[in-house]
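Chemist: So you can see what is in the structure, the chains are spelled out below.
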Amino acid sequence: MTLTQRYRFIYKPLVFIACLMPLGWLASGAFGWFGATLGVDPVKELEHECGKTALNLLLLTLAVTPVRELAGQPQLLRLRRMLGLFAFFYVLLHFTIYLVLDLELNFATLGADIAKRPYITIGFTALLLLIPLAVTSTNGMMRRLGRRWQSLHRLVYVIAVLGVWHFYWQVKRDVREPLIYIGILAVLLGYRVIRARARRRDATSRGTAPKTPQKADVAS
Amino acid sequence: MKFRVPRIAPSEITPPEVYFSRRALLAGALATGASALLPAAEAPQPQGEALKYTVNPQYSVKETPNKFEEIAGYNNFYEFGTDKDSPSRYAHTLRTRPWSVTVSGEAEVRGTFDLEDLLKDQALEERIYRFRCVEAWSLVVPWVGFPLSSLIARFKPTSRAKYVEFTTLYDPRQMPGQRVPILNWPYVEGLRIDEAMHPLTLMVVGLYGRVLPNQDGAPLRLIVPWKYGFKSIKSIVKIGFSSVQPRTAWNLAASDEYGFYANVNPQVDHPRWTQASERRIGAPFLAARRPTLPFNGYAEQVASLYQGLDLHRNF
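Chains as they are written, first to last, in the numbering used here: chain A, 1158 to 1377; chain B, 12 to 326.
These are calculated hints, taken from the structure and not from any lab test. Backbone N, C-alpha and C define an ideal beta-carbon position, used for all residues, glycine too. Some hints could be false.
What the hints assert, rightly or not - Going by beta-carbon spacing under 8 Å, a handful of chain B positions derived as facing chain A: (1) 84; (2) 279; (3) 283; (4) 288; (5) 297.
Please build the complete structure, drawing on both the sequences and the hints.
Modeler: Laid out in structure tokens, this is it:
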């Protein structure tokens, strides 16, 4: 089996199933399969778990580059789009549950929440910013946008900061869990800063311009 | 009232079908890596000793009370952890007997009193109250207790007693949540003396006709139904009378979010949650959100306490 075939027929389907598992677990709780329950407040449980799964997947998406570089597994990039799209999927679920099950489609409250509550303002901003990234995630859009595609998709750094910040601000007092997310995000973003500096240093010492991203990096 | 420590009651022993369904759940949780979602395997049932009490319809709302497991399985009691199910999971370490309450400050009768001594003259009554959390969820609860005013009368507060301050037990061995400095332990709450003397203000020792479960603040807690839930302090060991306003736990933690009064008020928004509406726990999907009422629906009885007070500033 070639590498491409292994990704197409084994790794990608496995990641796809893994990404659906949190949803399966929530569904089994919601419908009482296997005796599972969502507890006394199922709406909050659904809302929070979808939000946290979205954050987990977003951080996983950002972990692809460091892992493939440090582990010397460049082909891991082939999984990144799916992780990113699943993050978007869970963000949409999170928002839909909030609007439909929590606010019960009270749009006046939605408007007030977005306008007045900073953690909802930034969370909603992150959701909006994810839309162009999802729309331009196809191979066709990558080709069409060329160099600009990568500039656009650097928005994911802003989105991740907003998402983790949204979690941190939402918590009333016990910030231990959001602090873990902040720590992981700091490592993932810090890696990129250090790498960029190192590359710049290399480039100046060799007297050449910084390396432009290779086509393979963008298109796979 | 008599209390005894029971041996393992038959109801405590997990039936095999529950045990095996728990194992199945565990396997499922491991498979998905979603162990945070592990549900409580069985619905808890009232287990405390039955209390003698009368029903007080005058002070009871007409709404249907929440189920026992909703009240006793979903609440905040940060002394046992910050998840809603932490109290029901971990509060078994709390020893509620023997229990004493120390009375101090501006009162003629001061000292340390055994709880049984404080309770022996009190006629218990059941009152069905609304309970509104500042986090915008709500319950309807059949508490068993007695008016705080009849307890306070016994201590003969002086004319300088303008406030009553309550303190929760501080013992990190029994209350592991206190090992984490999330709040300035011990938990302190307070009322103005006229609020404390109001007939709606209840000292609670029971729930659903039985001794209060540990996770709900056993053996003695406050219930002030027109205020957000965090005012209703649990597992009280100190009552102090003072001429100055007490420094209360949540107010110390974030004074812009949690005021001293904390009256339920749909007009005054909290920075994190709308206070205009609330979600009733246990209500059907898409029919759980309801408008929040001024003073949690007790405006007729308590609004006069706050005449001339700017409720937007004194939130």
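Chemist: If you check each hint against the structure, which ones fail?
Modeler: Failing hint: just 2.
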